[in-house]
Structure formats: C-alpha cells, structure tokens
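Q: Letter by letter, the chains look like this.
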Amino acid sequence: MTQVTPAMATPPDPAMADAATADATPEPADAATAEAVIMVRGLGKRYPTGSRLSRGGDGVRALEALDLDVHQGEIFGFLGPNGAGKSTTIRILLGFLHPTSGTARILGRDVATEGLAIRARVGYLPGGIALYDSMTGSSLLEYLARLYDRPPVLRAELIERLELSVADLRRPVRDYSRGMRQKIGIIQAFQHDPELAILDEPTEGLDPLMQRAFLTLLEERRRAGRTIFFSSHLLSEVEEVCDRVAIIRSGRLVALSGIEALVARRRRHVEVRADGALPDLASVPGITDVRVRDGVLRCELEGDVAPFLAALQGCRVRDLTIEPARLEEVFLEYYGRDMEPAR
Amino acid sequence: MIGALFRQAFRSNRVRIIACVLVLLLWGAVLPLIYASFGKTIGSFIRGSNNPLLEQFASFGGGDLFSLAGVIALGFIHPIAIAVLGVIVVGLPIMSIVGERQRGTLEVVLARPISRHALFSVLFLVGALILALLVAVQLAASVVSASLTGVLGELDVARVPIVWAMGLLLALAFMAIGFAASVSFDRVMPALGLTLVIVLVSYLLEVIGSIWPDAAWISDFSLFHYVRTKELLAGSVRWTDVGLLAGVLVLALGYSWVVFPRRDIAAPS
Numbered sequence: 001m002t003q004v005t006p007a008m009a010t011p012p013d014p015a016m017a018d019a020a021t022a023d024a025t026p027e028p029a030d031a032a033t034a035e036a037v038i039m040v041r042g043l044g045k046r047y048p049t050g051s052r053l054s055r056g057g058d059g060v061r062a063l064e065a066l067d068l069d070v071h072q073g074e075i076f077g078f079l080g081p082n083g084a085g086k087s088t089t090i091r092i093l094l095g096f097l098h099p100t101s102g103t104a105r106i107l108g109r110d111v112a113t114e115g116l117a118i119r120a121r122v123g124y125l126p127g128g129i130a131l132y133d134s135m136t137g138s139s140l141l142e143y144l145a146r147l148y149d150r151p152p153v154l155r156a157e158l159i160e161r162l163e164l165s166v167a168d169l170r171r172p173v174r175d176y177s178r179g180m181r182q183k184i185g186i187i188q189a190f191q192h193d194p195e196l197a198i199l200d201e202p203t204e205g206l207d208p209l210m211q212r213a214f215l216t217l218l219e220e221r222r223r224a225g226r227t228i229f230f231s232s233h234l235l236s237e238v239e240e241v242c243d244r245v246a247i248i249r250s251g252r253l254v255a256l257s258g259i260e261a262l263v264a265r266r267r268r269h270v271e272v273r274a275d276g277a278l279p280d281l282a283s284v285p286g287i288t289d290v291r292v293r294d295g296v297l298r299c300e301l302e303g304d305v306a307p308f309l310a311a312l313q314g315c316r317v318r319d320l321t322i323e324p325a326r327l328e329e330v331f332l333e334y335y336g337r338d339m340e341p342a343r
Numbered sequence: 001m002i003g004a005l006f007r008q009a010f011r012s013n014r015v016r017i018i019a020c021v022l023v024l025l026l027w028g029a030v031l032p033l034i035y036a037s038f039g040k041t042i043g044s045f046i047r048g049s050n051n052p053l054l055e056q057f058a059s060f061g062g063g064d065l066f067s068l069a070g071v072i073a074l075g076f077i078h079p080i081a082i083a084v085l086g087v088i089v090v091g092l093p094i095m096s097i098v099g100e101r102q103r104g105t106l107e108v109v110l111a112r113p114i115s116r117h118a119l120f121s122v123l124f125l126v127g128a129l130i131l132a133l134l135v136a137v138q139l140a141a142s143v144v145s146a147s148l149t150g151v152l153g154e155l156d157v158a159r160v161p162i163v164w165a166m167g168l169l170l171a172l173a174f175m176a177i178g179f180a181a182s183v184s185f186d187r188v189m190p191a192l193g194l195t196l197v198i199v200l201v202s203y204l205l206e207v208i209g210s211i212w213p214d215a216a217w218i219s220d221f222s223l224f225h226y227v228r229t230k231e232l233l234a235g236s237v238r239w240t241d242v243g244l245l246a247g248v249l250v251l252a253l254g255y256s257w258v259v260f261p262r263r264d265i266a267a268p269s
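Chains L and Z, in that order, give the protein sequences. Note that the first sequence covers residues 1 to 343 in the working numbering. Note that the second sequence covers residues 1 to 269 in the working numbering.
Just so you know, these hints were derived from the structure itself, not from any lab. In this text the structure is predicted, and so the values were computed from the model without any measurement. A virtual CB, placed ideally from N, CA and C, is assigned to each residue, including glycine. Hints are supplied without guarantee of correctness; some may be wrong.
[Unchecked claim] Stretches of chain Z that chain L covers, calculated by requiring three or more beta carbons in the stretch to come under 8 Å of a beta carbon on chain L:
hint	region
1	1 to 8
2	93 to 106
3	110 to 122
4	253 to 265
In isolation and in its complexed conformation, chain L is listed as follows (with noise of 0.2 Å):
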C-alpha cells in the first residue's frame, strides 16, 4: 500500500507535493472495480449553533466534504486530534448524526435509508464506552450478543485473548477497572465476528500487554477477510498496524495515504560523523537542511536513500545515523503548519 489516492490532500511542501502528485495514481483496478466496505462522498456535518437566534446562520463545521474509501481486509486508520471530525465521521457511519451534505455506504449499503442492514455485519466500539453497571460481564456480553442475529461464535476466544477471567466476567460492571471495561468493550465489538469493526481510540485504557494483544487481535481479523476502521491518537499503533491512515483536520481530509508512502515521503534525521573531509551533500537529491558543527554533518534525508549513501562515497565515514521517520512527524507535519486541504 504505497499509493496515494486522489483524494488526498496537498502536502505540506513542495518536495512533498511532488510526491504526491507522482504517488496520485489511481487505485488499482480490482481495488476500483470492487466498492469498497466504507464508500464516503462529499460528506458533511454541520451542528446548529446554540442560540435560537443564530441557527439562522451555517452554524458549526464538524466535517465538509470529506470523501474516503476503505477496501476489505483492510485495517485503516482514522488520525486526528481532538474535534477534528473523527468521531463525527463514525457516528455519522453508525447512524447516529444525519449528514447535512454527501453520502456514506458501507458493504454497499446506504447509511442513511439501510442502517439496519449495515449494523447486522458491523461491530462498534465507541470511545470511552458506557455499559450498563448493574449488569455482570457476562451478563452484558450474552445480552448484547442477543440483539445481533449473528451468534457471538469469538466470544470465549476474546475473553481468554483480553485475560478476563470466569470471576471477573460475574462481577458487577460497575466494579470493573478503566482496562476491564474497555475489554468488554472490545469483546462485544468483535464477539460476533463482524465483516466491519469501527473501532474508536479503542486502546483507551488498556495497560501495553493489552495494547499489544489487541493488535495482535487486528492482524488476526485483517488475514480472515476482515476490515478494521479506527479511530486513534495513539499513532504509534496506527503505524505498526494499519495498511492506511487518513488525517483529518477541522473536519476536513488532509492526507490519505498507506502508512509506508506517508512514512517514506517524511524527512529523515541524518548524522554523519567522519575523519577527514565532510562530502558536499548539497547538490544531492533529497537532501536538504545541511549544518557542519564540530566535525558533525546533520542534514534531512527526503525519499531514496542511494543518492545520499552514493555522496558517501570515498569518505571516512566514522559514524552514520539515519533516525527512522515516525508517524508522529508526519502527522505533526501535517498539523503544525496551515496546509489547505486538497479538494
């Protein structure tokens, strides 16, 4: 999953914006032929604005014209900080808002008229999830089982996968900790194995063994066919999991992209220690942002590393650092600088 989709947005600068516009091919054609689990166009979301008086007005932008597709078998993530339009998205998805412009499909179906048919093969877990405190673990599993036609043929597995054992299941919800809670959470998202998970910032509250079994548990759905939509500021995991990500900003689109293109096309940190003379790395492709201190060359590495090493070349090269690009940089590269969105 290198390319980048149409839909993408503008990189945040020109070197970048060159490689999107290379990277902006079109999907391939199996990809193109075949609708996709979650098909998004022009969606829109615009909440009134409190006063009676001012609802004459647009009111509040949560999202505009954000178009999206998510393929089967795919985990995608959905990257943003807080009111960007993440969870608007999802509860517009879910049925929950009424989009105020475009359309949204999922499995084919329409959101809007055939909900009903989209959750019957969708699992849900909602950010910071409530359930019911007077309920047991078990009790409340079985119960949200019952009211899908599908029976919950992952439970037992889940609940041995998330450690919850037979005594911590007849406990009382309320008893339970942050992590138990969002076990459940987990279990009855995915107890009924459904053909979509929309999953948002579903690590909230989990300890790192956890975490990690939970992605685990995403890889394993992805190789059964299985799409993952989910949410998350915790880009750590998005990057080691998903096969995409999207970035969203004030509710609009900025980037959309498979995670290794997005990684790829971020800057890299280089240190260069030699005995002798320093190359003139200057004129070299991708290559930007020199600085010679102290016998340490430091510059940013953009794209294919070969120029860079070939410059090497007939240097005494002591010691070479080349800092690995993380998705926070890129996510930061996106949010810290006022970047249009592509339309």
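For this one, chain L is given, so just place chain Z on it according to the hints.
A: The following block gives chain Z in isolation, referenced to the frame of chain L:
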C-alpha cells in the same frame, strides 16, 4: 433481538416495579380501611359542621372519605399515588432514552441492528405493561381491602375495570409526554424538568380547581380532571374524556415517533 430488548427493559426496572407494587398495594388497601373505620364519622362531622370550606377541602381532587367510590378516587389523585406512578410515568421514558443517551449506553444498543422505532416501541410497551400492572394493583388492593372490611357491597365491582382503563389511559398520556420530552433533548435535566412541570402543573390545576369553587374552571386544563373516578364507578363514562386523553396520548406518541429517528444522537456527555 426484540425479545432480548424487551426482557432487558423489564429487568432494568425490576427494583422500581417491585417497590411501586408494594407501596401501591399498601396504599390501595389503606384508604378503604380508613373509610370503613372512620369514613361515616368523618362525613357526619364535616357535613354537620355546616362549613362549606371544610366540605370543599374534604373533596380533594374529586375524591373524598365519605364513600367507597370517594376513597378510591382519592387514592388515584393523592400525591402518594401520583409520586409512585410518577416513578414509571416520568422516570422510565426519561431514563430509558435521554438518560441512556447521556450515559452513552443508547449508542451501544443502537449500534446493533435495532431501529429507533423498534426501541421506542419496546420501551413504550414495557412502560405500558408496568403501568397497567401498577394501576391494577392499586385497584385490586382497594377491592380486596373493601371486601375484608365489609364495605364492598357499596361498590359495583364490574365498573372497576373501567376505572382501571381510564387511570391507565391517563398514566399512558403522561408517559407519552415524558417520551416526547425524552426524544427532544440531549440532556436529562431539561427533559425531566419539562415533564415534571407538565405533570405538576396539571396536578395543581386539578387540585386547586377541586377545592376552590370559583376556580373550578381551571381544572378543565388538567389531564387529571378527565379521570372522574367517582362518576366512572357510578356507571357514567364520558367519551369526550376518553377522546381527550387518547388524543394527548396519540399526539405525544406521534411526535416521538417522528422526531426520535430524525434526531442526531450526539456523543455522550
């Protein structure tokens, strides 16, 4: 699916149901007992006092302590009965929709293949069944108590189901108003406040109109006024009363039916 929803709606209200049944059993039994023990004495005293004000006050809300029909009517309009029925009439619609929305559990249920119409229908049906039970419990307790105290002969028991039906219709109308408020707000307090104001204002209008002859006309604006228990027990059914209560019920239900699916369910707060 609907069965699970139905059972859960009952289960989540079971403590309230048991508590309300116990209180109404007691309350329904006490008034005929008071009537059998002191009713005639109190009646003679008040009538003998030649004090119209005292007599008027003794006919609180269309009920009185001088006849079996009067105490049954008083049992319906008394604040104790109103408060107990209010637990379901107001509490159930408010807590099951806007309360669950505010807590965040509504979206957990609606993320399943359950339409908002189906959820609403189940909740209303559960509320209606509980209210049918509670009104029946109160009346049955009164009938049993009257029988045990030897005054049942003053009552045409065959007319008790009519009182049950009208009492239930009144309770359903108020519950439908509660549902209408519940689907209209994102927070519990405005919905609860609006429903309570409607119930309490209606109640006050009926009480004030019943004890203050010059202001009797204001009780026409109260829904309580249209359950004339004593008249019903005497065999007189006013179909305009039935129509009015049924009209309020249908209007409030229709409003909820239309509005609930169209409203956004905002994120829990």
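Q: Broken hints, numbered, in rising order?
A: The structure conflicts with no hint, since it agrees with every one listed earlier.
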